[in-house]
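Student: As a plain string of letters, each chain reads:
There are 2 protein chains.
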Amino acid sequence: MNRRNWLKNIALASGTISLQSFTLTPEMAERWTGKRVLFQGDSITDAGRDRELSEPNHPRALGGGYAFHTAANLLRTNIPFELEVFNRGISGNKVFQLQERWQEDCLDLEPDLLSILIGVNDFWHSKSHEYEGTVETYENDYRRLLERTLEARPSIAIMIGEPFLVEGGTALQEGWEEEFSAYREAALKLAREFNTGFVPYQSYFDKALVDAPVSYWCPDGVHPSIPGAVVMAEAWLETFKFM
Amino acid sequence: MNRRNWLKNIALASGTISLQSFTLTPEMAERWTGKRVLFQGDSITDAGRDRELSEPNHPRALGGGYAFHTAANLLRTNIPFELEVFNRGISGNKVFQLQERWQEDCLDLEPDLLSILIGVNDFWHSKSHEYEGTVETYENDYRRLLERTLEARPSIAIMIGEPFLVEGGTALQEGWEEEFSAYREAALKLAREFNTGFVPYQSYFDKALVDAPVSYWCPDGVHPSIPGAVVMAEAWLETFKFM
Numbered sequence: 104m105n106r107r108n109w110l111k112n113i114a115l116a117s118g119t120i121s122l123q124s125f126t127l128t129p130e131m132a133e134r135w136t137g138k139r140v141l142f143q144g145d146s147i148t149d150a151g152r153d154r155e156l157s158e159p160n161h162p163r164a165l166g167g168g169y170a171f172h173t174a175a176n177l178l179r180t181n182i183p184f185e186l187e188v189f190n191r192g193i194s195g196n197k198v199f200q201l202q203e204r205w206q207e208d209c210l211d212l213e214p215d216l217l218s219i220l221i222g223v224n225d226f227w228h229s230k231s232h233e234y235e236g237t238v239e240t241y242e243n244d245y246r247r248l249l250e251r252t253l254e255a256r257p258s259i260a261i262m263i264g265e266p267f268l269v270e271g272g273t274a275l276q277e278g279w280e281e282e283f284s285a286y287r288e289a290a291l292k293l294a295r296e297f298n299t300g301f302v303p304y305q306s307y308f309d310k311a312l313v314d315a316p317v318s319y320w321c322p323d324g325v326h327p328s329i330p331g332a333v334v335m336a337e338a339w340l341e342t343f344k345f346m
Numbered sequence: 104m105n106r107r108n109w110l111k112n113i114a115l116a117s118g119t120i121s122l123q124s125f126t127l128t129p130e131m132a133e134r135w136t137g138k139r140v141l142f143q144g145d146s147i148t149d150a151g152r153d154r155e156l157s158e159p160n161h162p163r164a165l166g167g168g169y170a171f172h173t174a175a176n177l178l179r180t181n182i183p184f185e186l187e188v189f190n191r192g193i194s195g196n197k198v199f200q201l202q203e204r205w206q207e208d209c210l211d212l213e214p215d216l217l218s219i220l221i222g223v224n225d226f227w228h229s230k231s232h233e234y235e236g237t238v239e240t241y242e243n244d245y246r247r248l249l250e251r252t253l254e255a256r257p258s259i260a261i262m263i264g265e266p267f268l269v270e271g272g273t274a275l276q277e278g279w280e281e282e283f284s285a286y287r288e289a290a291l292k293l294a295r296e297f298n299t300g301f302v303p304y305q306s307y308f309d310k311a312l313v314d315a316p317v318s319y320w321c322p323d324g325v326h327p328s329i330p331g332a333v334v335m336a337e338a339w340l341e342t343f344k345f346m
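As they're listed, the protein sequences go chains U and F.
Every position in the first sequence, counted from 1, becomes a number in the numbering used here once 103 is added.
Every position in the second sequence, counted from 1, becomes a number in the numbering used here once 103 is added.
Watch out, some of these pointers could steer you wrong.
One copy or two, either will do: identical chains are not told apart, so a pair holds if it fits within one copy or between any two.
[Stated by the list, open to error] Keeping only pairs whose Cα atoms sit at most 35 Å apart, straight-line, the calculated DSBU-like set for lysine-lysine is:
1) K230 x K138
2) K344 x K310
3) K138 x K310
4) K310 x K292
5) K310 x K230
6) K292 x K138
Simulated from the structure, these hints should not be mistaken for lab results.
Given the sequences, and given the hints that come with them, work out the whole structure.
Tutor: This is the structure we're talking about:
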């Protein structure tokens, strides 16, 4: 379909696309009032946040990505359950680097809900940065991180984000998506093993590609645009409903 | 009402509060496809944006305030009308300071829709910074700015934001809200005079105070929190429907 046509089709279909607001049920409100939410991960989570700012619910501390959009929706539509939302994502991180800073950047913050999105660099850097980890390294390191977290905070709720590559992105090479699916499967396997939530980011991006090309959602295939980050927030909020 | 009670009341009422998504009608899509939106103003608009970044639709270039929330909603729900959204707000600005940088930070950008929010510093700095401007200075400077804009770009659409002070904010002093209403009235008068849109931010904050205290929306009475900035985006999008 050429560009002119999909513009037109979308114009006609525009009524079907909408940002879903998400309001806690009274039962969920009871459960989550005054609780701490922590976003952890790599550059997709980091999204240019000001790392000098440590406090919750601050726009610059939350960065410009899905963590910010998620926090904005939660805080606006669930007044005022005193949720505290933190972001401690750091660009370039692989799962072993989360492990290195986990005491300070996770356990010491005493989160009640931990949202993790990690994996794209575990794969990508093995292609381009002489990193020698494999999908087994990723799975084993990730398992240890989850075990450590649950040992320190047995009642914590965890949401594992599906790592994703958006088809056609400029940073991707032939065959990468297929190879990367092993990392996505490892994340899903761990979510089942530890009975955590699982945020299907890849499926959300795959669906979004029906409406607009990769350049609109995630130009390089790894780092979402503004509307791409909103799509991620939608995926997150849908999953949170079951937490 | 004590804190415990309003928490409970809000929990029960939570279904009534929601982020409204906003989708362009086909007619509006036709009108706005490929157009440029420029946010101008002071710290409320600036909201910590990275001033080194000049491109549109970039999270760090849009800051962490209502301009970003508005852009995120527009870009997510109106795919992909190729809107370009810019932010050129600068902290501390009064209307005469917009005038000084108007060529570079407005006219040269060739916006199709200009959203301005200015006025709180014109008042505040006359109280606390030995600034000698009055409400007449504000109105006259603002009028000249609008005349200049329309002369340079006769077909531009303009949205004038109602300057606001949120009752009970920590930076406000006794009697300020009443005195400041003259600035709000001047902004409304200019909106009528030039037949522009008018975004009633003050009314939106006044309504929000029914649901939660000022500390939740705008702690100092001037600078909105994350949920306060989302309320502003809602006000903006409602007004945009009539543009």
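Student: None of the hints should be skipped; say for each whether it holds.
Tutor: Cross-check of the supplied hints:
1. For the identical chains of this complex, K230 and K138 are neighbours neither inside a copy (39 Å) nor across copies (40 Å), given an alpha-carbon limit of 35 Å.
2. Taking identical chains as interchangeable, the C-alpha atoms of K344 and K310 lie at most 35 Å apart whether they share a chain (20 Å) or sit on different chains (28 Å).
3. When the C-alpha separation of K138 and K310 is checked against a cutoff of 35 Å, the pair qualifies both within a copy, at 32 Å, and between copies, at 26 Å.
4. In this assembly of identical chains, K310 and K292 lie within 35 Å of each other by CA distance solely inside one copy; the values are 22 Å within and 47 Å between copies.
5. Proximity of K310 and K230 under a CA criterion of 35 Å is satisfied intra-copy only: 27 Å inside one chain copy versus 54 Å between copies.
6. Taking the shortest Cα distances, K292 and K138 sit within 35 Å of each other inside one copy (27 Å), while across copies they are farther apart (45 Å).
Hint 1 from the earlier list is the only one contradicted by this structure; the remaining hints agree with it.
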